[in-house]
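Visitor: In order, the protein sequence lines correspond to chains A and B. Residue numbers for the first sequence follow my numbering, so the first one is 1 and each next one is one higher. Residue numbers for the second sequence follow my numbering, so the first one is 1001 and each next one is one higher.
Calculated from the structure, these hints are not laboratory results. Keep in mind that the hints are not guaranteed to be accurate.
Said to hold, decoys possible - Here are the simulated DSBU-like cross-link-like pairs (lysine-lysine), alpha carbons at most 30 Å apart as the crow flies:
1. K119(A) x K1429(B)
2. K1403(B) x K127(A)
3. K1403(B) x K151(A)
4. K54(A) x K1327(B)
5. K1403(B) x K16(A)
6. K54(A) x K119(A)
7. K119(A) x K1403(B)
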Amino acid sequence: MSTLVIKDLHVEIEGKEILKGVNLTINTGEIHAIMGPNGTGKSTLASAIMGHPKYEVTSGSITLDGEDVLEMEVDERARAGLFLGMQYPSEISGVTNADFMRSAMNARREEGDEISLMKFIRELDKKMEVLDMDQEMAQRYLNEGFSGGEKKRNEILQMMMIKPKIAVLDEIDSGLDIDALKVVSEGVNQMRSENFGCLIITHYQRLLNYITPDHVHVMMQGRVVKSGGEELSHKLEAEGYDWIKAELGIEDETVGQEA
Amino acid sequence: MEGETNVTVETNLKITEQDVRSFSASKSEPEEFTNLRVQALAAAEVLPLPKPDKTKIAAWNFTEFPVHSTDSSTYASLTELPEEVQSLVDLKQKNLYIQHNNTPAYLALPEELKAKGVILTDIFTAIRDHADLVGKYFMNEAVKAEEHKLTSLHAALLNGGVFLYVPKNVVIEEPVQVVFIHDNADASLFNHVLVVADTSSQVTYVETYISTVPKANGLANIVSEVIAEDNAKITYGAVDVLAEGFTAYINRRGVAKRDATIEWALGMMNDSDTISENTTYLIGDNSTGDTKTVVVGRGTQKQNFTTTVTHWGKNSEGQILTHGVMKEAASAIFNGIGKIEHGASKANAEQESRVLMLSPKARGDANPILLIDEDDVTAGHAASVGRVDPLQLYYLMSRGITKQEAERLVIHGFLAPVVNVLPIEGVKKQLTEVIERKVR
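Hey, can you work out the whole structure from these sequences and the hints?
Guide: Here's what the structure looks like:
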C-alpha cells in the first residue's frame, strides 16, 4: 500500500497565498473527491502536488510513503508514482502522442529494458478502445488541435498507460458531454484496485454518479472545511454549499476571504 | 568568422579571365557559355555584395579560396561511398547523382525515364549536350548573374552541380536524390542546380550537402534554380551539413508559372557562417509556393536566412514556415518576406517564424515583412523568439520524462515540420541525427 500525506500545506502564486493549511491523506485503494465552488484552491492543490513551476509551497509537507515529495523535481514525483490529469494540458507540436507515451513509460524503466514496440502498441490499442478513442489519435501531435473532450480522454489514456500509484484528476469532467463523461469514468473505474489511489477534483457532483468516491471533501478559502463519505456529495447536490457556509460561519467561500 | 583560415581577404579577385577561359575550355563548354563566364567575372569585379537585411557581411570572405577546382575519385558502385554517405543512400535508389567535391562521381537514371525524355546529369554535361535547354533556363528566369557580386562570381566560377529536366506530362514517382560530398578541405563549391519541370510534370528532388572533414578552407557559393512550368509540381528537399570554415552563400530560387506548385523543405544545418536566400516567384495565376525551413545554429556561427515569396499571379498562395534553434553563442537573422505585387488579386501570403533560444548568449531575430501593393488580398504573419516553454516542460516532466529528455522532445518537435516531409528515409534519418548531434 502507498500513502500520500499532505500536512498543513500553504501555497502561494505570485506572492498571493492560495492554500492556507490543507490536510489530506490518500491511500491506494481509495478514491477521494474534492468538491467546492470555483476559486477555493482546488486546482492549486493539484498543481502543488505535482510541482507546477508557478506555485510556491511556503510551509507544510507532502510525503509519498514517507518520502519528501516537495524535495523532488517534477519528473521524480512522477516516477515516484504520482500523476496529474491536467485541466489544461500543453500542446506540443511535432511530438506524436504515441512517441510521447512511450517515452513516459520508458522513463520508468531501466536502459536496455524499454517496452517493446509491439507490446506498447497492443496496450495502447486496448486502452484507446476502452476510452472510445480513434486509433489515429496516437499519431497526432500531442494535444495539438484536440477538442476539449479529446484532451480529457488523452489525459485518462496516459494515466491508464502509466499506471501511477496516486492520480490527481483536476476537473477531468469539465466540458464533457454525458457520453464522454461515462467513457472517462469507465477508464478511472478500470484503474480501481488495491494499488491505485485517486483524488478527483470537481465542482460537479455529476461525475460522482459514475465514479463512486470513498471519501468526499469540501474546500473553501484554501482549506478542507468538511469531509465525509459518498453521502456528502449527494447532500451537496441536493442542497448546495450554503448550509456548510452557514455551519462554519463563512460568508464568501473564495480564497482571500476570512471566516 | 570562427577558426583559422590560411587565406587573406582582399577585394580584388585573384582569378583572371584567362583562368576562367581555360577552365571553361577544359570542360569543352560552348562559346556562349565561356562568354557568359567571362562577362560575369568582369561584373563580379565591380558589382557590390548583396545586402542581407540586418547582417553586415562586408568583412566576410566571399572571394578568396585555395583552389578553383579539385579532382576527386568517382564511384563505380554505391558500396564505395564513404560510410557517412552510405547511410544516406538506399541501395535501391534508382534516380541518383553523386558529386565528390567538384567531380561528377556517380549517376543512375532508369532507362524507362530516359526513354520518356527525363534528363539527369552533371551540369558540365548539360552545358555541353543540352545547350538549348540550359541556354533557355540558366540564370535567366530565376537568378540573374548580374544581380550582385556573388551571383556573378557564381556564374564565372561555376565548378559543379546538376541538371534535372522533366518533360511535359511526365510524373517521376520516386524522388530524385543528389548528394554533394565534401571531403577535401581545400575544395570550394560553386555548384549550380537547375531543375526544370515542364508543363504538367511532377518531380521530387532531394539534395544533401555533407562534409566529412571537420574544417573547410574554401567557399560555398551555391545557386539552385527551380522552374515549374504551367501546372507542374516540384517538391524540393535539401539538407545542408557543411563544415565549419566555409563562407557559404546559398541561393535557392523557384519560379512557379500558371497552376504550378513549388514546395521547399530545407534543413539548414551548416556549421559554417551562412547567408541563405530562398525565394519563390509566383508569376502564374493559381500558383503555390510553400517554404519550410529549419535551422540549428551553434558555436559562434553567424547566419542570415531570408525567405521570400513574391506574388504576381492572381489567386496565388504563399506559405513560409521557419523554425530556428540557436545555442551557445550562435546568432541568426530570419527575414520572412511576403510580397504581393499590384494585380495579384486574391493572393494569400502567410508566414510563421519562430526561434528557440537555448542559451543566454545565443541571438535570433525573426523579422516578418509584408509588402503589399494590391487591395484584394489576404496576408498574415506570426513571429516569436523565446526559450523552451516551461509549461511544456512541466507537462512532459509530469509524466516522468527527465528535463533533458523533455527538452529534446520539444526541440525535435519544433524542427519536425521539415524532417517529416523529407521523402527519402535515409535523408530524414540523417537530418534527425544531425539535429540530435547539434542540439545536444
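Visitor: Now look at each hint and say whether the structure bears it out.
Guide: Against the structure, the hints come out as follows:
Restraint check: the Cα-Cα separation between K119(A) and K1429(B) comes to about 24 Å, which is no more than 30 Å; the hinted pair holds. Between K1403(B) and K127(A) the alpha-carbon distance is near 27 Å, which keeps this suggested pair within the 30 Å criterion. Restraint check for K1403(B) and K151(A): the C-alpha separation of about 23 Å stays at or below 30 Å, so the hint holds. For a cut-off of 30 Å, the pair hint linking K54(A) to K1327(B) stands: about 26 Å separates their Cα positions.
With a CA separation close to 28 Å, the supplied pair K1403(B) and K16(A) stays within the 30 Å bound. Between K54(A) and K119(A) the CA atoms are separated by roughly 37 Å; this puts the pair beyond 30 Å, and the hint is violated. Taking the CA atoms of K119(A) and K1403(B), the gap is about 26 Å. The hint holds against a cut of 30 Å.
Hint 6 alone, counting from the list given before, is not met by this structure.
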